[in-house]
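For this one, chain C is given, so just place chain Y on it according to the hints.
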Amino acid sequence: MNLDLEKVNKFNVLIIKDERIDAHNSSELKDYILQMIERGENHIIVQLAHVRFIDSSGLGALLSGHKNTLAKSGRFALVNIQQQVLSMFELTRLNRVFEIYDSVNEVTDN
Amino acid sequence: MCPSIIQVDVIIPTQTKYLDLIGSIGERIARELDSYTGDKAALAYQLNLVLTEATANVIKHANDENQKDTVRVSICLHQNVLNIKVYDHGQGFDLNSVPEPDFENPKENGMGLFFIRSIMDSVTYTKSDNENVLEIIKNLN
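Chain order of the listed sequences is C and Y.
Each residue of the first sequence is one higher than the last, beginning at 3 in the working numbering.
Each residue of the second sequence is one higher than the last, beginning at 52 in the working numbering.
One chain only, chain C, in its complex shape (with noise of 0.2 Å):
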């Protein structure tokens, strides 16, 4: 998966570079979120805005995320999620757990 990873004040904000995710790379994201986490890096952006599509196992790839960064007392935050997208958190209901913003200012700045 092509991913880049930012450090801006103390949030680790990961770039996902690829258009797609599905079960194809999805245990990957899942897998180097975790490994985030166990290294202590449990303030987490993840900025989606080049991702043009996600399926079922992408949003639990990123639940996952959610999950573990709030039993460490952490933030996990999406931003720049395009419309197509962002309807799937709406199906799912999914927009109502997780922390959704339009840029990575809007979490670091509050």
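Note that these hints are calculated values from the structure, not bench results.
For every residue, glycine included, the Cβ atom is placed at its ideal position computed from N, Cα and C.
Be a bit skeptical, because a hint or two may be false.
As the list claims (entries may be wrong) - In silico contact screen, one side only, chain C against chain Y (beta carbon under 7 Å); selected entries:
(1) D24
(2) D57
(3) L93
(4) R95
Coordinates of chain Y only, in the frame set by chain C:
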């Protein structure tokens, strides 16, 4: 086989790297529907998703000891009815025993079939000795 405006049959190995290909076919078909008056971009996403989820489910449960198993996908558009059939050689499952997701306590798995049911108008699964088939239908009027 049905007399159709568009008929696409694809056979792929049961490997997740082909999900993009299968999903993209659905997306392209949606974009070719000149007479569809709804949100074509949304339909394109939905067909990509339904084909991806249905195919991924087959791959997950594939009988692939020798990694030679295949999944066959048939897409047929006829008189504004889109009929998708996804064939598998696995043990099969009972469609009615698959529960709705628990929205209050969401789980990491089990949302795929919910997507298919939510987006499409009809979903059936038929088991047989040689081959099982998941048939999903969407009316495009």
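Hint-by-hint comparison with the structure:
Look at C/D24: its Cβ gets to within about 5 Å of chain Y, closer than 7 Å, so that hint holds up. Using the Cβ-Cβ criterion of 7 Å, the hint placing C/D57 at the interface with chain Y is satisfied: the shortest such distance is roughly 5 Å. The beta carbon of C/L93 is positioned within 7 Å of a beta carbon in chain Y (closest approach about 6 Å), and the interface hint is therefore held. With a least beta-carbon distance of about 5 Å to chain Y, the hint placing C/R95 at the interface is held under the 7 Å criterion.
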